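A.B. asks: Each chain is listed here by its residues.
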Amino acid sequence: MAVPILKQSHFLIASIQSALSDQDLIQLRDDLADLVGRHRARGVIVDVTALDVLDSFATRTLRAIAYIVKLRGAETVIVGIQPEVALSMVQLGLTLEDVPTALDLEEGLTFLNQRLEERHGA
Amino acid sequence: MARDRNLAPHALPQPPESTESTTALLRELVSHLREKRTELREEWAKRITESRLLTAMTREEIFAEITTVYDNYVAVLETGSVEALQAYARDLSERIIPRGVETQEVVGIVLLLRDVLARSLFKKYQLDFNLLNRVLDAYEPAANRIANTVAVGFVQERERIIRQQQEAIRELSTPVLRVRERLLILPIIGLIDPQRARQLTEQLLRGIRENRGKVAVMDITGVPAIDSAIANRLVQTVEAARLLGATVIVTGLSPEIAQTLVTIGVDLSKMNTVGDLQGGIELAERVLGYKVVPVEEGASRSH
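Protein chains in written order, with our numbering: chain A, 1 to 122; chain B, 1 to 303.
So here's chain B without its partners, still in its complex pose (with noise of 0.2 Å):
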């Protein structure tokens, strides 16, 4: 139901004489267009070379694609139905966007096979001009549908992979890393969106519960500037990690961040702060009661 509801738009309303005569002046266009496969597939590889379109691509390659997209376009005039063509469009664009073939590009091929077909269309019908006005009835909705179904099909896994790539970044920007037993760090990279703030927080109070950890040493040495929104945010973080019983140290606040905090007025009082990682991990290691000695010092003391 979504899908007829999506093509809506692009269903043209039929021309005004009755559509059987529209029907089998369609059958009579696919024949001809089947007749002349060939012929009008080599003409619309040598368009799409000399538009130096799809140049990421072999000739090998895009004359296997189009004969494809050729029999699917006149599959889609014959039957009316574009969920193949979807399909296929669908298919197609997963497999050449990694090589970086542009939206200009697939509307420009889809257009030129569209123009090829019609010029075919003209030498065909070129004597009798009432006949070819109705043909280019019947011809020019269902030719913009295809483009349409086509150039929305790319677009829509275009932004499908940008959607996933965005995730994956997303959740790649806060990792929560165990360096001991109960302790783990936050390195925090990057500006902080409130996007990004809700996620950290909330990965920062799973891995507590994953890992048990005690205390965790948020790191914002990487992140360059933080407005009130976001301060008040990790103030929130820090005493959400308490209520479950584990400690945040903030460490690396900027000189710049550090006023931009006293300016704007957070309340830091809840937070302990440490000046680097270094230290943060080191004030970690006391409230855990870890005690880092070199190797022969320990040794010597155990003696």
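Extracted from the complex, chain A is given alone in its bound form (with noise of 0.2 Å):
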């Protein structure tokens, strides 16, 4: 199932809805890459609140999707990322490294307007 990229103000968000397979996790990082030079987006959120289970395909997606964001001039953050499934990860060994995180989608947005206005006073 394909996630839907939504367009809000500066930024996109995708909100997984489902389990995804590994085809529908790369076309999501792709999709990310392509739709915010499309959009000119200053920040990405990729909201996991549905996600049971993040693996290390999974984290490693998101982790590049990071990284490519950056590239492409914007910040990511992942959020709803649910106790079990932080545990495990840790657990896994899959910390998801200088991402940034936030409780919820709208952490996740207050996070990236404070980055953007940092940015912007800089």
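FYI, nobody ran anything at the bench for these hints, they're computed from the structure.
The structure displayed is predicted, hence computed values, not measured ones.
Some hints could be false.
[As the list claims (entries may be wrong)] Which residues of chain A face chain B? A few of them, derived with a C-beta cut under 7 Å, are: (1) G73; (2) A86; (3) V90; (4) L92; (5) G93; (6) T95; (7) T101; (8) L103; (9) L105; (10) E107.
For each residue, glycine too, the CB sits at the ideal point set by N, CA and C.
Dock the two chains into a complex; use the hints.
C.D. replies: Structure below.
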């Protein structure tokens, strides 16, 4: 199932609705890489609230998304990781280092807005 | 089914004689015990008092309880079914455990009853040794089974209470408290065992989710020692909290713990550590953008 990507002012919101196959993840990565440029987005939020599990491939892809988006000139934040998911990820050593995370969509938006202000201020 | 299986070990093999004569003997036995109810009960109560058992209960209470036990006992001998007695034993245990009645007392009491009844059988059948033998063959397995049921019931009830209390202590032991909007504290006191560590992680992550926590201060001033497994667990907890978008600040590491962690080489580079709880809360407030100022100063500034 493809992941819907919504544009919200300067940001893109990819809201994952159900478990994703590896193919879907790659599709998401490619779509985001493309859309960031096309919409001139300043930030990307990937909402994983609906996921019960994040395996090594999913984690790696999320990290890849963050790096790609950065290279395209925007920020990424992963939101909505469930407590159990977080715990099992850490136990497997999948800690999404260097990728910003936030509690939920609202927090993610706040985070990106802050980053945007910091950049403009600088 | 499970209950039947439980009882299987206590269901002693029937004596070699035909079961019918055993049943007849038991019936005779039961009517004898019913007849002598008052007398035997008093004898039993007397022996309990003499043995200084059940000192936590008054004489009247003892008498009321033993009357019920006696009737249950005779009923079990009559029907061979221990279910009613099991239920009663559980109920009784529930009532007397909080009053400090010990296992040996309960076992002692039931064994006393067994002896009192056996004595009365000796007395009744003393002239016919063969009959006495057969009566005892019928009586003993049933009596032992009853003693077993009551003792097991008591111990099980005790264990249930202990489990319940352990659960309660465990839950109390790791509270996650909200001190300000988005700021949680997690005071930990006492040794952390693996189970407690797991629970602590779960509570913290759940607390972050429910309270929308952004910063959590974990204070381990009250933790006397930490081993490498627990230290790694704490690091994992901090990382898991970050995945939820929260920052964890660890405060109150004692000199001993700090030394241990360095000696065993736990990687603490991902942990924010601050000397004490106050410092931790102050840092958390800064992170969250709070500024705490004395009332006077704050008032004069706003003018």
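A.B. asks: Verify the interface restraint on A86(A): the C-beta must sit less than 7 Å from at least one C-beta of chain B.
C.D. replies: Where the cut-off is 7 Å and the nearest Cβ of chain B is about 4 Å from A86(A), the hint holds.
A.B. asks: Report holds or violated for the interface hint on L103(A), using the least CB-CB distance to chain B and a cut-off of 7 Å.
C.D. replies: It holds, given that the least Cβ distance between L103(A) and chain B is near 4 Å, below 7 Å.
A.B. asks: A closest beta-carbon separation below 7 Å is what the hint needs, so does G93(A) meet it against chain B?
C.D. replies: violated, 9 Å
A.B. asks: Does the CB of T95(A) sit less than 7 Å away from some CB of chain B?
C.D. replies: holds, 5 Å
A.B. asks: Take the shortest C-beta to C-beta distance between V90(A) and chain B; is it under 7 Å?
C.D. replies: Holds: closest Cβ of chain B sits about 4 Å from V90(A), inside 7 Å.
A.B. asks: Identify whether the interface hint at L92(A) stands, where standing means a beta carbon of chain B within less than 7 Å of its own.
C.D. replies: This interface hint is violated because 10 Å lies over the 7 Å limit.
A.B. asks: Can we keep the T101(A) interface hint, with Cβ of chain B closer than 7 Å?
C.D. replies: holds, 5 Å
A.B. asks: Is the interface hint satisfied for G73(A)? The criterion is a beta-carbon contact with chain B at less than 7 Å.
C.D. replies: violated, 23 Å
A.B. asks: With a cut-off of 7 Å on the beta carbons, see whether E107(A) makes it to chain B.
C.D. replies: E107(A) check passes; min Cβ-Cβ to chain B is 6 Å, inside 7 Å.
A.B. asks: Can we keep the L105(A) interface hint, with Cβ of chain B closer than 7 Å?
C.D. replies: With a minimum Cβ separation of about 11 Å from chain B (threshold 7 Å), the hint on L105(A) is violated.
Checked against the numbered hints given earlier, the structure breaks hints 1, 4, 5 and 9 and satisfies all the rest.
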